[in-house]
Amino acid sequence: MSETRKLAAILAADVVGYSRLAGLDEDRTLARLRALRSDLVDPTIAVYIGRVVKRTGDGTLVEFRSVVDSVRCAIEVQNAMLERNAGVPPDRRIEFRIGIHVGDVVEESDGDLMGDGVNIAARLQSIAEPNGICLSGAAYEQVRDKLKVDFEDIGDKELKNIARPVRAYRVALDRDTEREPTLPDPFGGKLAEPDKPSIAVLPFLNMSGDPEQEYFGDGVAEDIITALSKLRGFFVIARNSTFAYKGKAPDIRQVARELGVRYILEGSVRKAGERVRVTGQLVDAASGNHIWAERYDRPTSDIFAVQDEITHSVVAAIEPQIYAAERLRLQSKAPESLDAWGCVVRAMPYIWTWVIQDEDTGINLLKRAIEVDPHYARARSLLAWAFATRVVSGNLEFAPSISNALTLAQRAIDLDPDDAWAHFAAGYVFAMSRRLGPAVEELNEALQRNPNFVFAHIILGVAYGYAGLADDGLRQLEIARRLSPLDQTQAANLSVEGLCHLVAGRYAEAVSAERRAVQMRPNFGTAWRTLTAAAGLAGDLEIARQGLVECKRLQPNFSIDWVEKYHPLIRAEDRSRYIEGLRSAGLE
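What the sequence shown shows, in our numbering, is residues 1060 to 1647, in sequence order.
None of these hints come from the bench; they were simulated from the model.
Among these hints, one or two may not hold up.
Unchecked claim - Lysine-lysine pairs mimicking DSSO-like chemistry, simulated, CA-CA at most 30 Å apart: (1) 1065 with 1113; (2) 1219 with 1065; (3) 1113 with 1289; (4) 1426 with 1624; (5) 1065 with 1205; (6) 1216 with 1065; (7) 1289 with 1307.
As the list claims (entries may be wrong) - Label pairs and their calculated CB-CB ranges: (8) 1163 with 1354: 48 to 56 Å; (9) 1312 with 1604: 57 to 65 Å; (10) 1144 with 1367: 20 to 28 Å; (11) 1433 with 1305: 37 to 45 Å; (12) 1171 with 1332: 48 to 56 Å; (13) 1601 with 1507: 17 to 25 Å; (14) 1541 with 1207: 44 to 52 Å; (15) 1497 with 1207: 30 to 38 Å; (16) 1358 with 1211: 49 to 57 Å; (17) 1217 with 1141: 28 to 36 Å; (18) 1305 with 1493: 48 to 56 Å.
This one's a predicted model, so the numbers in the text were calculated from it and none came from an experiment.
The beta carbon of each residue, even a glycine, is placed where N, CA and C say it ideally should be.
Please work from the sequences and hints to get the whole structure.
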């Protein structure tokens, strides 16, 4: 088994008295712990760029890139636990002990960490107080002048199975210090914005006139924060900070200044009888412009299902809106003055147009992003997508280009295994090279990291369609359509729908879907090819011949030989029928 030695900040956490709590009510205790992990612990770890190494029962081991981030994460979690335990009987409270150390660790091939660095963090956790944080001297030295937090020196500690005593420090979690990482000093001036799109989700206003309905609005806002925190391209302010504005009517620009963000999402909830209405609006605080707004009216037969649906819909809708706003903001900047993120944002609209000249512009911007930051996984993911798309369009030599695209995607996964885009890119490349199993596996990995990833649902539909699994493909397209009914993905969605109908033998439906796709994207070569084949199979030779003219315009080397060698359809019988339709249109 291969292994790598490195220096890392390690956080070890455990539940105080878990066996006793489980003995009182095991099912409820486990459910509460799972909810805390999904709603609080994991999103907070994600905000501070941590990696959960493993979980053992009620224990958690996390790796961070910096000790400062690890301590901020720990303070935020413990502060939130103080709030959540308010009013809970002491013998029923879930409380964490946390230990933090920075030291030498060994990373094994499966990502697990071993060594004294891990052992010391775990032993420090065991001596921490309930709801407390204990640091090693090595960790303390790296944060002592960087955080406005008081530390108490508790002396040298003899730790089990550790050869030498370890100097230990306790974080003083009084009410002033524990909020420091996420609640800015109102007299301290404007916080600097992060180098990626930053957003704060304010508590949703309860318009029902019934205090008992407060939980629903809070739940929607918390779920949106959790879902947005999983998007690696965004900086999302944690719940503890935004919920400080609950019950107030703050000025949006002032909130943005205090939290150091550019975008604010606010909303309201009104429940009446058996219906609930949720409204949301996304504001660019710098300009005051509303860049997105929507209203959701739903029955309350299953209120938690409604909450989940609205969360997914809001997150899927605002993600492309923020990207669009960022592109507009960066348009006037010369490429050489952009950072890696700026290059990627500028590149994105070019690589979705299916126009060669635009794709060239996008590819050059992505190459520039990699030059600026060779470790930026997103740039490699999108470049892999762009290369694979060009191959399928017949505009690059297949074998070396697909190999190059796969290398880029796999390198992106190596750089950032938790980035949904990296797994998405790998899945797309596999799908374009007739490898259904790896394609589905990687696309599902992407969706585990971001269930609202519309493109991943669409490309999963592509993979199933190319494998002849039409119904499975159509189900993925329906999910994508519900998540994002109005954005630029709909031409792709329609084209994949046409492909699925074609492999299922529903040629008229395939023609209808592809005609709508090419109306939306006149230079969409894949849609024109499927339209031509479907029309030929349906006997509509006029449309088939018109389609073939467009295919040849967009891909001069388009031929039966090219389809046999390179088209991603997996099953021989599907390729034969596809070719039959193209021959009917006049392709040789």
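Inset, instruction - Kindly indicate which numbered hints from before are broken by the structure, ordering the numbers from low to high. - result: Structure breaks hints 13, 15.
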